[in-house]
Amino acid sequence: MSRKYPKLDKKYYEYTFPWMETTTNKSKFPKIKYKASPLKFYSPLSGCGVKGSFDIEMLYEGKKKLSSLVASVNGQETVLKGEPYCLPCDASKSPRRLIRVEAKARGGVFNRTIASNYTHYVSEEGTFNKDKILLLFGGPLEPWIERASSPYWTKEEFSVVYNFAVCAMDHVFHYGLIPKFVGKFNFSTVLLDPTQMDHWEHEYTPNMLVDVQGREKSPFLGINYSKIPRKWVPPKYTPIGTQLPGYFKPAFPFFPNDMGDIYETAAARMATDYGEFKKHPVTLQFRAFIAEMVQTLRSKGYDIASWDYYSLYHAVKPKTLRYLVKHYAEKENITVILMCDFIPDVSDFEDVKCLWEEIQDAIDFVYMKTGKRLDLAVVQTVNSDFLGRRSEFAKATFNLLKNEIISSGIPDTESLAVILGEHGCPPGFAEQDTSHSYTMPQIRDNILNCMKKNIGEIRTGKTEFALSMNEFCNRPDDTHASTMERIYEFLEKGFKNIIICSYYFPYESNDLFRHLRHWAFDFEDWMNIPHEESRVLHKVLPNYRSEGTVRGTRIIITGSVLGRYEKEPENALLKQAHQYYLDAMVDLVAKKLDSL
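Per numbering that gives the first Met the number 0, the very first residue in the sequence shown carries number 0; after that it's consecutive.
Careful, some of the hints might be misleading.
Cross-link-like lysine-lysine pairs, in silico, DSBU-like; alpha carbons within 30 Å at most [stated by the list, open to error]:
id : residue 1 : residue 2
1  : K235      : K183
2  : K278      : K401
3  : K330      : K590
4  : K330      : K131
5  : K248      : K216
6  : K451      : K401
7  : K590      : K394
8  : K591      : K371
9  : K316      : K183
10 : K538      : K154
11 : K330      : K316
12 : K278      : K230
13 : K330      : K368
14 : K103      : K63
15 : K154      : K248
16 : K216      : K318
17 : K495      : K574
18 : K179      : K230
19 : K277      : K230
20 : K451      : K495
21 : K538      : K230
22 : K39       : K103
23 : K226      : K248
24 : K590      : K92
25 : K63       : K179
26 : K50       : K92
27 : K299      : K50
28 : K129      : K590
29 : K371      : K92
30 : K325      : K131
31 : K574      : K401
32 : K80       : K50
33 : K154      : K216
34 : K50       : K103
Cβ-Cβ distance ranges computed for the label pairs, FRET-style [unchecked claim]:
id : residue 1 : residue 2 : range
35 : K154      : H326      : 21 to 29 Å
36 : A290      : K318      : 23 to 31 Å
37 : R111      : K154      : 45 to 53 Å
38 : G455      : F186      : 55 to 63 Å
Think of the hints as simulated: they come from the structure by calculation, not from any bench. None of the values given here were measured: they were computed from a predicted structure. Built from N, CA and C at the ideal position, the CB exists for glycine as well.
Please model the entire structure based on the sequences and the hints provided.
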């Protein structure tokens, strides 16, 4: 039965596609209510580089009346009594470091905090000693598990994934999407079969059971998990639309261990992802690409003494980064750190409130332990020539798309729809995040215009483009369509071919595997398509593509620029796409070095 949908508009996308009817929390993809922070940093944009004296302007848009706004710069508080909420600041007092700004809106009967927000600015005041530069790359990188496709998972592999889950959930706690106290809940124990890690959609007969750290016995009771009565917990969706896998647990009503429930369920999801998708090569792709970047920079005359990378998701916090920086300060005698992010936007969501904060913490730790003060500069900050806006970035994605169209043999006589996916944000973020709202419309326009402008060189047949969110597009007022909604739209229009080209991540990641292989193809409740028909698209082929037929329409998921290049380094189009991306990253770093 065809669904009715509203007239399409052009707010951020070529099309928007919100459902007309109301969905509920029982839906697999619920539309949930959210509350964005009414307290925002208006000027400078969150995450900006700043110099000299400047004013920090804050806006409060809540319904409750304020009695005061307490603003804190690097721990020094100032009470602002009325609008405009403007706080003078001097970047020269914090040379070459991050300036942390916190704001709390107070009001009500007990003058309690009714809204809060915080951000960082990069101080560009002071000299920058370029004698010994550590080029440090960072982002939400994932660990590589070499034996994920083997028939038996070891305790070490479980431990790696569990630590990944802890870091990921602590990251979520850090920016307040989930209250931190939830991490202390401990009512039961999640159990998995290390010999059947890709089984989670339906109940199965386990050969043995271990917890998410790979332990065979309860740490409290010493009981073997395989020998106790068990209960199957079927897969379910969380209120924000993310999916948890099925797993076993002890049949007893209360069987705690030494792990919080939210860490266990996150670890189960990630472990079953790895088991199903075999292994995530992101770290290998990332390291190879950085090494090539540094080699290119050095060949151009830039003196990069050392380079390394750091992940928000798989490093033990706070020790890993602290001791990594301490090592380079003591053993390599570095004088400065130049930090470069590896995703094509700048957002409070990942960088300003998490990654940057941890780097500044490591620099302060090194000073405390060694007395050596390291300067800091950041490659990508708001108002700069950030990656996603650059022409080379769009060209790399277009080459990836061009290769898929040509190699797949899609004729001009058949219609083609192209869905350009990006990383979504949880409810209350994205357009409410000042820096993200500044960068993402430019990135979206850049990628969409490049595709439209150049598609004529490949084909003359009917071709339509649309942008989408790979995940988290589930607010009732959200005009950003999810990939699943785009697929449905193009199936309803009768397109014979659909290519999903997720431009946001340049490397293969859990986001690409999970969000575009599972979330986008849970069709059964939406279009009366049997799950087994769409399940073919869950499979990641050896070259990181996915392909299948749904309702007579051929659907292709391309994989990433670095992933496809890794598998076909001699393919002319993929080789050029890789070079475009390399040129863009090298030029970004070079321009930053020139400006220092």
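Consistency of the hints with the structure:
| no. | hint | verdict |
| --- | --- | --- |
| 1 | K235 / K183 | holds, 21 Å |
| 2 | K278 / K401 | holds, 27 Å |
| 3 | K330 / K590 | holds, 28 Å |
| 4 | K330 / K131 | holds, 12 Å |
| 5 | K248 / K216 | holds, 13 Å |
| 6 | K451 / K401 | holds, 12 Å |
| 7 | K590 / K394 | holds, 20 Å |
| 8 | K591 / K371 | holds, 24 Å |
| 9 | K316 / K183 | holds, 18 Å |
| 10 | K538 / K154 | holds, 26 Å |
| 11 | K330 / K316 | holds, 22 Å |
| 12 | K278 / K230 | holds, 29 Å |
| 13 | K330 / K368 | holds, 14 Å |
| 14 | K103 / K63 | holds, 13 Å |
| 15 | K154 / K248 | holds, 19 Å |
| 16 | K216 / K318 | holds, 29 Å |
| 17 | K495 / K574 | holds, 29 Å |
| 18 | K179 / K230 | holds, 28 Å |
| 19 | K277 / K230 | holds, 27 Å |
| 20 | K451 / K495 | holds, 19 Å |
| 21 | K538 / K230 | holds, 28 Å |
| 22 | K39 / K103 | holds, 10 Å |
| 23 | K226 / K248 | holds, 12 Å |
| 24 | K590 / K92 | holds, 26 Å |
| 25 | K63 / K179 | holds, 25 Å |
| 26 | K50 / K92 | holds, 10 Å |
| 27 | K299 / K50 | holds, 29 Å |
| 28 | K129 / K590 | holds, 14 Å |
| 29 | K371 / K92 | holds, 18 Å |
| 30 | K325 / K131 | holds, 14 Å |
| 31 | K574 / K401 | holds, 13 Å |
| 32 | K80 / K50 | holds, 27 Å |
| 33 | K154 / K216 | holds, 12 Å |
| 34 | K50 / K103 | holds, 25 Å |
| 35 | K154 / H326: 21 to 29 Å | holds, 28 Å |
| 36 | A290 / K318: 23 to 31 Å | holds, 25 Å |
| 37 | R111 / K154: 45 to 53 Å | holds, 47 Å |
| 38 | G455 / F186: 55 to 63 Å | holds, 59 Å |
Hint compliance for this structure: no hint is broken.
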